[in-house]
Each structure stands twice: as C-alpha cells, then as structure tokens.
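Peer 1: Take 1 as the starting number for the sequence shown in the working numbering and just add one per residue.
Hints may be right or wrong, so weigh each one.
Claimed, not checked - Each computed SDA-like pair below joins lysine to any residue, with the alpha-carbon atoms no more than 20 Å apart:
| no. | residue 1 | residue 2 |
| --- | --- | --- |
| 1 | Lys106 | Tyr61 |
| 2 | Lys106 | Ala46 |
| 3 | Lys164 | Phe107 |
| 4 | Lys106 | Arg160 |
| 5 | Lys106 | Ile146 |
| 6 | Lys164 | Met112 |
| 7 | Lys164 | Gly50 |
| 8 | Lys106 | Ala56 |
| 9 | Lys106 | His173 |
| 10 | Lys106 | Gly175 |
| 11 | Lys106 | Val53 |
| 12 | Lys106 | Asp39 |
| 13 | Lys164 | Ala154 |
As the list claims (entries may be wrong) - With beta-carbon atoms standing in for the labels, derived distance ranges:
| no. | residue 1 | residue 2 | range |
| --- | --- | --- | --- |
| 14 | Ala98 | Asp40 | 18 to 26 Å |
| 15 | Leu82 | Phe161 | 27 to 35 Å |
| 16 | Leu115 | Ala80 | 53 to 61 Å |
| 17 | Ser74 | Pro153 | 29 to 37 Å |
| 18 | Leu118 | Gly42 | 18 to 26 Å |
| 19 | Ala132 | Leu168 | 24 to 32 Å |
| 20 | Ile143 | Asp39 | 28 to 36 Å |
| 21 | Ser130 | Ile172 | 43 to 51 Å |
| 22 | Gly42 | Ser74 | 43 to 51 Å |
| 23 | Ala80 | Val43 | 39 to 47 Å |
| 24 | Gly126 | Phe161 | 25 to 33 Å |
It should be emphasised that the hints constitute simulated quantities derived from the structure, not laboratory data. Beta carbons are placed, not taken as given, at the ideal position from N, Cα and C, and that holds for glycine.
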Amino acid sequence: TDTGAGSGKQAERKGGKLRGRDRKAEPQNAGSRTWKSSDDWGVFRAVVVGVGVVIAAIGAYYLITGTAGVAETSGGAVNASLESQFRFFSAMMVGVGAAFIAIAVKFQWANMLWLVCLMVFLGGIGRVLSWAFSGTPHFTLIILMIVELAFPPALLVWHRFIAKTSELRREIHHGSEDGSAPSGTGA
Numbered sequence: 001t002d003t004g005a006g007s008g009k010q011a012e013r014k015g016g017k018l019r020g021r022d023r024k025a026e027p028q029n030a031g032s033r034t035w036k037s038s039d040d041w042g043v044f045r046a047v048v049v050g051v052g053v054v055i056a057a058i059g060a061y062y063l064i065t066g067t068a069g070v071a072e073t074s075g076g077a078v079n080a081s082l083e084s085q086f087r088f089f090s091a092m093m094v095g096v097g098a099a100f101i102a103i104a105v106k107f108q109w110a111n112m113l114w115l116v117c118l119m120v121f122l123g124g125i126g127r128v129l130s131w132a133f134s135g136t137p138h139f140t141l142i143i144l145m146i147v148e149l150a151f152p153p154a155l156l157v158w159h160r161f162i163a164k165t166s167e168l169r170r171e172i173h174h175g176s177e178d179g180s181a182p183s184g185t186g187a
C-alpha cells in the first residue's frame, strides 16, 4: 500500500525518485519542473511523534509510580499481583509510544500505523468494559478513554486523506508534464 510518503520503488514507478528524508519527488527528465510533495506529511509526522511522546510519557509515569499514580486509588495495602500486571502494561504503553515515534521517523513503516492505532483503540475498549463492569472511574480516565476511542480512527482517516491527495497531486503534475490527462478524469 502507498503510505503517501512513498518508497523508492513506488516513486520510480510514478516517474520520480526520492531525495533523502524530505520525500520530495523529482521527475526523471532533467529539463522539466520538479514536483514537490506538500507539507501535509511533515505536519502528520510531527503529530504522530507527539502522540508517541505523550503515550510513552504516561506509560513511564505509571511504570515508575505503579497503581499509586492512578487517581482515586486508596493508600491501603498494595496487591502485588495487580501491581505486577499494571506495571507490565505500563511498560507496554512505553513500547506503543516508541512505536508511534519509530513510525514517524522511518515513514516506510506507516502501514504499521494501523496496527498501533488498533492497539490504542482496543485499550479504549478495555476502559469501556472496565467502566461497565466495575463502575465509573475518575474523570481523567474517562477523558483518556474518549481520546483512545476517537483519536486513532481520526489519525487513520487523516493518513488516508493525505495519501490520496498526494497521489492525486502527483498524477496531476505528471499528467501536465507529458500532455496527458491524469487517470480517472475521463479525458
């Protein structure tokens, strides 16, 4: 699948080649104008890094503080099994945050974004189940649940939108260079 930023093989198939990390495609004809990718991917990647940093920071906080870091937890005796499980999943949050960062840095892995977003979304489903079976949590956990259920799908829709519009821009640019109409226009 096309990640929008493209890989070298995808860019060569489309008549251009990629230069370094800025993902700007250049037509192979030296005399023609250069096609330049929009800045949409840069903003998207920055948001993905931001999400990764926030998730990793929350995971690190809970990894260090354990269940005592959760709002409205009693100061009573600590259940060692629950504490062990909680810190394990906190470390997993650090890993999910690191995965978001790695995906943004090495953008050829953008197809993995779907899997990582699914993991966060399933975490939100877990919070819904917890609310249904165990009662209403602290309001900050409700806010996290809403974010975990809404943000991953929104991020994936944004990714798909940028990928499609980038592909259309490439087709329009390359179609205008060789005098042919872009595919799908009916012309």
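Peer 1: Find the hints from earlier in the document that the structure breaks and name them by number, from lowest to highest.
Peer 2: Those not satisfied are hints 1, 5, 7, 9, 10, 15, 16 and 19.
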